[in-house]
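Student: Combine the two chains into a complex, taking the hints into account.
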Amino acid sequence: MAKKHIIVDPITRIEGHLRIEAVIDENNTIVDAYASSTLFRGIETILQGRDPRDAGLLAMRICGVCTGTHYQRSIEAVEDAFDVTIPKNARIVRNLIQGALYLHDHLVHFYHLHALDFVDIVSALSANPKKTSDEAVKWANVSGTNPFIEGAGQFKEIQDRVAKFVKQGRLGIFGNGYWGNKHYKLTPEQNLIGVAHYLKALDIQRDMAKMQAIFGGKNPHPQSIVVGGVTCVQDIKNPARIALFKTLLKESRKFIKQAYLPDIYMAGIMYADEATDSSATFTAHKKGKGVGGTGGGLLNFLSYGDFRLDDTGFYKSALLFPSGVVLNGDLSKVYPFNPEKVEEDVTHSWYEAKGPQHPYEGTTIPKYTGLEKKADGMAYLKTDEKYSWIKSPIYDDKRMEVGPLARMVIGVAAGHELITKYVTNFLKRGNLPTTVLFSTIGRTAARAIETELMADEMMKWVDELAMNVASGDDSTWTDFDFDKVSKKTKGVGLAEAPRGALGHWVKVEDGKISNYQAVVPSTWNAAPRDYKGRLGAYEASLIGTKVADPEQPLEIIRTIHSFDPCIACAVHVVDTKGKELGVYKIDTQCSI
Amino acid sequence: MGKKVALIGSGNAFFKDEGVGLYGAKYIKENYTFTPEIEIVDGGTLGFKLMPLLQEFDEVIIINTASDESKKIGDISIKTTDEFLDGTLIKKTANEVEIAEMLQICSLSEAMAETTVISIVPSDIIAVEVALSSETKEVWNEYITTVISKIESLGIKVNKMDKEFSLDEILDIFANPSIEHSRGF
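So the sequences go chain by chain: X and E.
Quick note: the first sequence, position 3, residue 1 per the numbering used here, numbers continuous.
For the numbering used here, add 1110 to where a residue sits in the second sequence, where the first one is 1.
If you are wondering where the hints come from, they were derived from the structure by calculation, not from laboratory data.
Since we're looking at a predicted model, the values are computed, not measured.
A virtual CB, placed ideally from N, CA and C, is assigned to each residue, including glycine.
The reader is advised that the hints may include incorrect statements.
Partial selection, computed: residues in chain X whose CB lies under 8 angstroms from chain E [claimed, not checked]:
1) T43
2) Q46
3) R51
4) D52
5) L56
6) H110
7) K162
8) F163
9) V164
10) L197
11) L200
12) Q203
13) R204
14) A207
15) H219
Distance condition first, Cα-Cα at most 25 angstroms in a straight line; then the derived BS3-like pairs of lysine-lysine [as the list claims (entries may be wrong)]:
16) E:K1189 / E:K1114
17) X:K162 / E:K1270
18) E:K1114 / X:K198
19) E:K1267 / E:K1114
20) E:K1189 / X:K165
21) E:K1113 / X:K208
22) X:K183 / X:K544
23) X:K208 / E:K1114
24) X:K530 / X:K396
25) X:K208 / X:K136
26) X:K183 / X:K136
27) E:K1247 / E:K1270
28) E:K1260 / E:K1189
29) X:K252 / X:K128
30) X:K352 / X:K530
If we strip away everything but chain E, and leave its shape as in the complex, we get (with noise of 0.2 angstroms):
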């Protein structure tokens, strides 16, 4: 049996930058495929309910921003399991303080994933609005590669599918959810 992996979008899709891992992880769902299957999970704001993903998964990724004033917008870090649970973790928006605090107190469950957080510093997390900023976009790219790559460090097998669903489309989904709701996530 190989190892059960859960890729995780979190972040409040109305937020203009701060819904950038739920962008991202619908992005990937709709472009790739994954052999053995990863799960794609639309996390969204939530926080403490994330909990038994964790505990139920080998690795979890979970994408979404961090709003670290020490460092450029459209910076990508990656945190592994260890490096957080210092208290390393950016907690600035409501959804990174809840990701922060559910990943110490998941940590003290018997089982928890081999988790990894993949962030990027956001330009606009005020503005209400389903989109990206210039900046985040310039990034984009690199950002799936970075998520792409650390799915390909787990062993598994990834197949870009021939014709692109574009971000755009992806945004019009967020932005229009009976479409989403029809196809399901």
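Same shape as in the complex, but just chain X (with noise of 0.2 angstroms):
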């Protein structure tokens, strides 16, 4: 059998330095497919001895995508190993900056990272402006709502200023696509929709930057989070400040329901075929239920849970999103979710270590073993051996998927009023069966249904933000005993950024950090194979993808900033011919 291989490289390095081989067979299906980060990242080294009230701090500058995400759940950790409670201001203003996060991240993930594996730009241009109106209005039917963008006029208005880009060669990032790829899917009406929306939500994606400001402190870096509370106290106690806050959350629902929502059922019928395709069920599912079409993957999901919702304490209050595990893509149960069961592998990783290990015992010693360069010249991943710089984390010796996905499944098997009645409600307005959740599009779908929800509670909490300090509780921070509570003591911030489960976890010692580990949703996804062969999410999703044309992996790049990885936007095709990857040189010694 003629087999052929793949290889997705992009140019760069740290967390967003993803390389994927896949190999197809000669029917253009995706038999196997293998994930590699190819750069050593040094995050546990830069906290070590540290001062852990500077933990924050430091961890916000590991990533510059889930930067507030890390400074939260850094301070979280150190909270936690020193049992502090914060106030409920700080509760609720930490929901908000996160909650904002969400909005932001998701928002730009679809439109500006991810869009453009569905829409085609270029069939846009001849989309019938008129035509493409009365479209927009079926899509916001479909939705219960009527469309952001109406009217041919607008539609001829923004036809006319994209093909002014493509004139003045001006289309930048929109020069990387592969139009004319015949699984592009919409009509040319239903692309020139979403270039429209893709360009409104430049301004849209703006307003939530500023929300997450509002209480974040400086701009663009939140600085207002601090361990035992937040610092935004006359922020909180200024009705305009919260007026403000309101005004451009409501600004920003009104496009999340008119057009995200809209344009994803236009996404999710028009590609639902291969939703649910289960000729592309990834090999493991095949002999069970069948459930999972192209993109599908594990269907092991993980949750950590995320924003309380009252004053607790760590690990005990109520939650927006329940924690917890499903297993097999199996809705009629959930598994509680134990923080011990969580380990990291290095099997396949470039690092040395007897064996699965918790992150409160996780060790970092890097192994470089290189690639193998095979007769054309060419740089391949030892696949046998080790051939990733991440880790392959495992939660009760099962690999996981995390992320919105996660998230919604999650909610909707464990009962959960609010997901079950977001995702049920998105599901019979489109008519779509539940299964089309295990998917490319379904990951995407879960994605939009989160901004939603989160968009509308939001409101809540904005309203009970206000009505606390309107009753005169202003305390925005808890006091503790420094020198008493650091003597010797572990603390771990388990939460949920945009992307998926996102763990911290500390060790202090006579007050300086003696262990950190960091596990981050983009180590669950793009982890390698683990000691037993098991893949990881990505690699799993990529299993049974048929691709169109082999010289445009349209599809592979589809699925995988499905998972919104760190830099959605890098992972493309190069010319490998002739090409070797680097080999980086490994320096593990921290001189700050």
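Tutor: See below:
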């Protein structure tokens, strides 16, 4: 059987340096896949020996995509270690900052990093503006609303603008697309709707960023969160600030409901066939229920839970997103999440360790064994050995997917009223089966469902904050005796970043950090195989995918993007002929 | 009303030379005053979250690294909006990719600042360290002067403070952020 290798390798390093090697058979179906991150990160070494109260400010610089989330988790790990419960105002403010981050992340991800995997921009140029307007009404109606952009005139204007960009050669990022690929399934009119919303979303994301800054302090880096609470007392006591937050949130919600969701219905319905294509089910599930279509993958889902809704302290309070585990896409059961069962394995990662380790005991000892140069001059991953800088997280000896799809699936399986309502509404309105969720488009839809839910809940949280302050409670910080609480302790910050479960584990001795491990969402999803040879989430999701043109791996990029990898836009194909991957120098010395 | 101007330092403060843009912006903030005032922003490793700044200011200067293997270490390049929109910005580190792609996406927005990217070819962006390599240190003064000249070219009056806040002191702030936190960027 003639098998071909497709290599998708971006040009970046650090968290974005993701390489995919996929093997396709003679029918252009992916039969094997390997995900590799090709640069070592020094997260853990940076924090060792530091004052735990500094951890948040250091951790926020680790990654530019999840900055605010790392900042909060790191601080919460220390609060957990010190047994500090933050006041109500601080909890709500943190939820609002994190909620605004979700809205911003999800919107930018869908429109600016992912939409062009579905929307063919060149095709939009041949759309009929009048028909486009009718089409926009149709999809907004499916969503139970009116379109955000209406009328042939507006669509014509946008079409002219895009044509001008093309003419000027200012298409920039659009230049990398595989326009005309037959796996683009939208009509010219639908493509024009997508492009119009892409451009409008550039303005909307600006409001969402402002929302983060209202309580977050310095823009663009939030600085108002400290161990014990928040520092933005003046902002929460100022009704004008709260009113501004609400105004921006209302505008954002309008776009989410009248553009984002209708677009997801449009893509969901147009791509429903491949989403439910059981011949593309990940091999491991074929013998079972046959659930999962193109891009479905592992179907094991994990959520740490997030957004505390009361003030009973860490890991006891009610949550907006429940924690839990769902296995094999079986929505009839949800297993409780136990943090003791998280481990990291390095069998196929460029590190040394004696076996899977719990993050508290985790080590980071690099052992780079390189790539294999084959006759064609290309450097390939040594897939039987070590082939990635990402460790392989395991939960209860199983591989897991994390992210918005995991949160929605676990919510439904747990019978969580709010999540079930939003997910059921979505499926009913689109006349889509539940199994559509177990796919690339399902992962993308789950993110949109979550965005709507989040925006609606945030409206309630702003009111709750305003009422609490009005009742005379202006407490924002819980005092603690640092010398007393930092002698010998450990803690964990477990929550959900927009792209999935994020944990920071800290051990403190004599006032200093003695060990620090962060297991980030992209580690769960982008990890290589584990000690039993079981695939990571990206790897599993690609198996069974049919590629229309091996020279244009649109389908691989679409599925990988659906997970919202750290630098989604950076995953692209390069002509790797004769190109050898660089061998990176490893330096674990930390002199800060 | 004069133009609204922002200077954004961009990069990863923990990977030695990759922090040069951040250190540079901070150095300028601590050692100079401007009339009219300009906004100096710690862009850190942020990429797409910087888009609002590009939409809100008239002129934006981004200072960062350009891992350009075809050039000499320490080479300083200046690129204007028209020059980088054709895709010639170097995209090797995660941050360089994000900045370049963010600028391209942002250029489709109705309002985008006139943007200049001033980059330096780094020597060491692998070591986990808050420091500069000796090669980058050698061109440090030239780098700062280049950025200051650009700011002056926008019609802004620049005044150097009497007492110098040294590069070492700047590095110390990045290595010990609680100093930073109590003072603000």
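Student: Given Q46 of chain X as an interface hint, is its Cβ closer than 8 angstroms to any Cβ of chain E?
Tutor: For Q46 of chain X, the interface hint is violated, since the closest Cβ of chain E sits about 11 angstroms away, which is over 8 angstroms.
Student: CA of K208 of chain X to CA of K1114 of chain E, is that 25 angstroms or under?
Tutor: Given that 25 angstroms is the threshold and the Cα spacing comes to 18 angstroms, the pair holds.
Student: Starting from K208 of chain X, check that the Cα of K136 of chain X is at most 25 angstroms away, please.
Tutor: violated, 32 angstroms
Student: If you draw a straight line from the CA of K1260 of chain E to the CA of K1189 of chain E, is it 25 angstroms or shorter?
Tutor: holds, 11 angstroms
Student: Can you verify the interface hint for L56 of chain X: is its Cβ closer than 8 angstroms to any Cβ in chain E?
Tutor: Status holds, d = 6 angstroms.
Student: Measuring from the C-beta of V164 of chain X to each C-beta in chain E, is the shortest one below 8 angstroms?
Tutor: violated, 11 angstroms
Student: For a C-alpha distance cap of 25 angstroms, please report whether K1267 of chain E and K1114 of chain E respect it.
Tutor: Satisfied, since the Cα-Cα distance of roughly 14 angstroms is no more than 25 angstroms.
Student: Quickly compare the C-alpha distance for K1113 of chain E and K208 of chain X to 25 angstroms and report which way the hint goes.
Tutor: Distance of about 21 angstroms is within 25 angstroms: holds.
Student: Need the status of pair K1114 of chain E, K198 of chain X: alpha-carbon distance at most 25 angstroms?
Tutor: holds, 24 angstroms
Student: Can you verify the interface hint for T43 of chain X: is its Cβ closer than 8 angstroms to any Cβ in chain E?
Tutor: holds, 6 angstroms
Student: Measure nothing beyond the straight line between the CA atoms of K252 of chain X and K128 of chain X; if it is 25 angstroms or shorter, mark the hint as holding.
Tutor: holds, 23 angstroms
Student: Going straight from one Cα to the other, do K530 of chain X and K396 of chain X come out at no more than 25 angstroms?
Tutor: Status holds; Cα separation ~10 angstroms.
Of the numbered hints stated above, those contradicted by the structure are hints 2, 7, 9, 17, 25, listed in ascending order.
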